[in-house]
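Chemist: Letter by letter, the chains look like this.
2 protein chains.
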Amino acid sequence: MENKYLLHGKLTAKPGQQKELADILIQASQLVSTAKGCTLYAVSHDQEDENAVYVTEIWDSKDDHDNSLKVEGVRELIMKAMPILDGAPTKGQELEILGGVGI
Amino acid sequence: MENKYLLHGKLTAKPGQQKELADILIQASQLVSTAKGCTLYAVSHDQEDENAVYVTEIWDSKDDHDNSLKVEGVRELIMKAMPILDGAPTKGQELEILGGVGI
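Protein sequence lines correspond, in order, to chains A and B.
Residue numbers for the first sequence follow the UniProt record's numbering, so the first one is 1 and each next one is one higher.
Residue numbers for the second sequence follow the UniProt record's numbering, so the first one is 1 and each next one is one higher.
No lab work stands behind these hints, which were simulated from the structure alone.
Treat the hints with care, since some could be wrong.
For chains that are exact copies, the list does not tell them apart, and a pair is met inside one copy or across any two.
Claimed, not checked - When the alpha-carbon atoms are kept at most 30 Å apart in a straight line, the in silico DSBU-like pairs for lysine-lysine are as follows: (1) K36 x K14; (2) K10 x K91; (3) K80 x K36; (4) K19 x K80; (5) K19 x K62; (6) K19 x K91; (7) K36 x K70.
All values reported here derive from a predicted model rather than from experimental measurement.
Kindly generate the complete structure, drawing on both the sequences and the hints.
Modeler: Put into structure tokens, the structure is as follows:
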């Protein structure tokens with residue numbers, strides 16, 4: 001079996017729009033929650049950075065992740081998030097899970 | 001309710017010892033899997049970095065994480081990992097979960 005895929009990325013909101021960005025990402029998590037291969041989609045923040053929002057996803061495969069971007073409504077949420085981002089999103093860390101628990 | 005705690009950290013093994021380090025961390029995940037508040041303990045690697053091992057943990061609280069270090073056998077595993085690390089471990093990212101799925 002293919003190892004699971006972990007994506008850990010940071011998005012930076014324009015000043016004052018962190019909560020709005022986090023809310024959009026939480027809506028996205030709900031849309032993809034029933035997509036094939038979705039194990040985790042966590043939206044978090046760093047208490048020492050008032051503009052950053054982190055997304056940590058675990059999928060059965062990278063393909064499952066990529067397909068989730070086509071789930072109905074996800075594209076609309078991405079379009080809604082783009083104008084409140086402070087610059088282009090940086091590429092997330094793409095990792096391959098070797099083992100552990102709760103996966 | 002307190003928001004959950006996410007810890008994402010990178011450990012670097014001495015050359016050739018990545019698999020051994022990952023195996024030790026997977027053993028640690030098994031020891032803490034039944035500890036209070038453990039939601040996720042994923043051990044992963046970056047296909048482009050042959051020495052790094054990543055640990056991504058989700059706990060009900062930071063206290064639950066801190067207490068997991070006292071689980072029987074964990075200290076022994078940490079002692080076993082220390083000599084194969086390439087330098088001191090860097091501090092992981094400590095994040096607070098705002099929402100999402102699979103948590």
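Chemist: All the hints need checking, so say for each whether the structure fits it.
Modeler: Hint-by-hint comparison with the structure:
1. Taking CA atoms no more than 30 Å apart as the test, K36 paired with K14 passes in neither setting, with 32 Å inside one copy and 37 Å between copies.
2. When the C-alpha separation of K10 and K91 is checked against a cutoff of 30 Å, the pair qualifies both within a copy, at 8 Å, and between copies, at 17 Å.
3. Proximity of K80 to K36 under the C-alpha cut-off of 30 Å is restricted to the intra-copy arrangement: shortest distance 24 Å within a copy versus 38 Å between copies.
4. Taking the shortest Cα distances, K19 and K80 sit within 30 Å of each other inside one copy (13 Å), while across copies they are farther apart (42 Å).
5. In this assembly of identical chains, K19 and K62 lie within 30 Å of each other by CA distance both inside one copy and across copies; the values are 28 Å within and 22 Å between.
6. Proximity of K19 and K91 under a CA criterion of 30 Å is satisfied in both settings, with 21 Å inside one chain copy and 26 Å between copies.
7. In the homo-oligomer, the alpha carbons of K36 and K70 lie at most 30 Å apart inside one protomer (12 Å), although the nearest pairing across protomers, at 37 Å, exceeds that limit.
Taken one by one, the earlier hints fail for this structure only at number 1.
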